[in-house]
Amino acid sequence: MSGDRAPAGRAELEAERDHLAYAVDCLRRSRTELLEMAERAMRTSDDEMVIWLLRRAQQIAEDDGLPLFFGRMELDDPAVGTVYVGRRHVGDPARDGEIVVTDWRTPLAARFYRASRADPMGVLRKRRFGFAEDSTLTSFDDEPVREADGGLSALVRGEIERPRFGPMRDIVATIQPDQDEIVRGDLAQTLLIQGGPGTGKTAVGLHRAAYLLFEHSTLHRRGVLVVGPNDVFVHYIGRVLPALGEKDVRHVVLERLTEPKRAPVPEAPEVARLKGDARMVAVINRAMAAKVGAPTEDLVIRETSPFVRVSPETVAGLAADLIGTGVPWDRARTHLTDRLVDHIRRRLELRGRAPSDTEMRRVARTKGVRALVATIWPPVRPEQVLRELLSDPDVLAAASEGILDETERALLARGSAKWSAADLYLLDEISARLREPDHYGHVVVDEAQDLSPLQLRAVGRRCVDSATVLGDMAQRTTPWAAGSWDAVREHLGLPSRVLTLSKSYRVPVEVLAVANRLLPLIAPELPPTRSVRHAPGSLTTTRVPDVATALAAAIAADPTPESTGVVVHDDQRSAVLKVLTDHGLSVAHAIEDGTAHDVTLIPVTLAKGLEFDHVYVLEPAAIIDSGPDGGRLLYIALTRAVSRLTILHTEDLPEVLGVR
1 MSGDRAPAGR AELEAERDHL AYAVDCLRRS RTELLEMAER AMRTSDDEMV IWLLRRAQQI
61 AEDDGLPLFF GRMELDDPAV GTVYVGRRHV GDPARDGEIV VTDWRTPLAA RFYRASRADP
121 MGVLRKRRFG FAEDSTLTSF DDEPVREADG GLSALVRGEI ERPRFGPMRD IVATIQPDQD
181 EIVRGDLAQT LLIQGGPGTG KTAVGLHRAA YLLFEHSTLH RRGVLVVGPN DVFVHYIGRV
241 LPALGEKDVR HVVLERLTEP KRAPVPEAPE VARLKGDARM VAVINRAMAA KVGAPTEDLV
301 IRETSPFVRV SPETVAGLAA DLIGTGVPWD RARTHLTDRL VDHIRRRLEL RGRAPSDTEM
361 RRVARTKGVR ALVATIWPPV RPEQVLRELL SDPDVLAAAS EGILDETERA LLARGSAKWS
421 AADLYLLDEI SARLREPDHY GHVVVDEAQD LSPLQLRAVG RRCVDSATVL GDMAQRTTPW
481 AAGSWDAVRE HLGLPSRVLT LSKSYRVPVE VLAVANRLLP LIAPELPPTR SVRHAPGSLT
541 TTRVPDVATA LAAAIAADPT PESTGVVVHD DQRSAVLKVL TDHGLSVAHA IEDGTAHDVT
601 LIPVTLAKGL EFDHVYVLEP AAIIDSGPDG GRLLYIALTR AVSRLTILHT EDLPEVLGVR
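Using UniProt numbering, you'd call the opening residue of the sequence shown number 1 and step up by one each time.
Derived from the structure by calculation, the hints contain no laboratory data. All clues stand as given, with none of them false.
Below 27 Å or equal to it, Euclidean Cα-Cα: the simulated DSS-like pairs (lysine-lysine) are:
id : residue 1 : residue 2
1  : Lys261    : Lys418
2  : Lys247    : Lys261
3  : Lys367    : Lys291
4  : Lys291    : Lys418
Using the sequences and the accompanying hints, generate a full structural model.
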């Protein structure tokens, strides 16, 4: 471990507290000054300036209760000296805005994360601050950069290890160099981030969103979208992003990406897998092509003098490069209308007329032109197209000939009046043929290893510039998953490169060593993640006569004030719950309730993305034997622990784990 642990001199600690109070006062005075400037701007009727000033004042007023800085650097440049690093910029209005706290996203602050003995970057010493729950500054940890050994500082280790509840926490104060490099990556590049358990990939994705918004002002106009796997994740990022200095981020659950107001119905996994298959794109293309019409009669424009007659062959020539080329129907209609009007204008000019723009706009709105365009691209709704495709065997057969076999067509035969989650992405494919979807300057997607080809296409369609796509291929558990980063790149449709986060900061060495033994079975192409944190005694395996009874006794006997999670095979959940409640233990069923209960009981299929100080995994053999994804589910279960992992089992442990 590097650094000098310092509740050091009381005077030095008080000086740091004074600087924190000074920063708070500067922020307060900055807000007052902004409000006064807004009042003066009102008197000059500069509404745009008033709005900007009031918005800035509101941003300053929004206090999230977090300390204004978490670290500082001493530089070898006397012109700069000491730099405090925090979640937002703070200047002293009485000193022409002299910087009091530097925003963590600035190039200067990057040194705080990246300076090392190999490359000090002009930094002599880094200091990280410790705070109590009420944000009182209580300690600091110094790291002389030129003497650093590359390990975690005491405060970083303490932040990782301190008791927590539920989903992963904000790590802006603890970001490590490998993570920071990705956070500050170029906006123009789509990054596919492979990260094993505890590598901080989710936090890296959120920090990247906040960094890009800071670095590229145009993103505030074009927007940043964060897509998460479930409501727990969305609730988490709704808290984290403001703490990183950004509120201008839209976040949405994956299943509500395309249809925010629809609640999808369940369907059989084999049906969902087929509906998410990339081959369905060709089926949709054929179904839409069948809807395209062709003109059969002359278009006669009687609103001009002289009349103009346009043959079906001429119309077909004008529309030829718009049909079947991926141009959305609404744009194709506009293009054809413009071409028809231009053609009619030229015809009139050949007859000595010089029609005005007003006259030609009237031509564009004539019933004949509108009807002709609608003949080629008739008004259809995505729901209408998909319902017909899935309910009419002849339509499905024509659209899928040579693409799907009879068994697959039978699977698609519609049996429900409501739409499933997979249907929503088929609807999105159809919608994309009709009109452009909403676009964002950057999209961040978490748990991307579980996305189907059609889900990835839906994400890619919404990207103007680039995306940050995060996941762990060893943790893919959906039957429709694309399966590899190469497949993700293909279906996303964006030029990209794969980067790997290889260091685990959350999972102890002793625990990760066991979990990594599953990798040759579940993801042989992936290198094992390496933990940077030893925790002797963090792994315990115990054979017991009855796992539920032993679990209840162990929890009741453990006085440690830490979060406790129990991961079980889905079929065991009810029985384990009954035993725990019979023993007087309070059990949380949802992660948001975790702080008020003795234990959180999680079926293994819902454990992904969660973490607890102490994790109990019951009957690993039942988990690994549960189906084709059993090995991946066990890998997920074993890697939820931050401090301790206890395995309770009656059956023999899977040999692959190499423990008894």
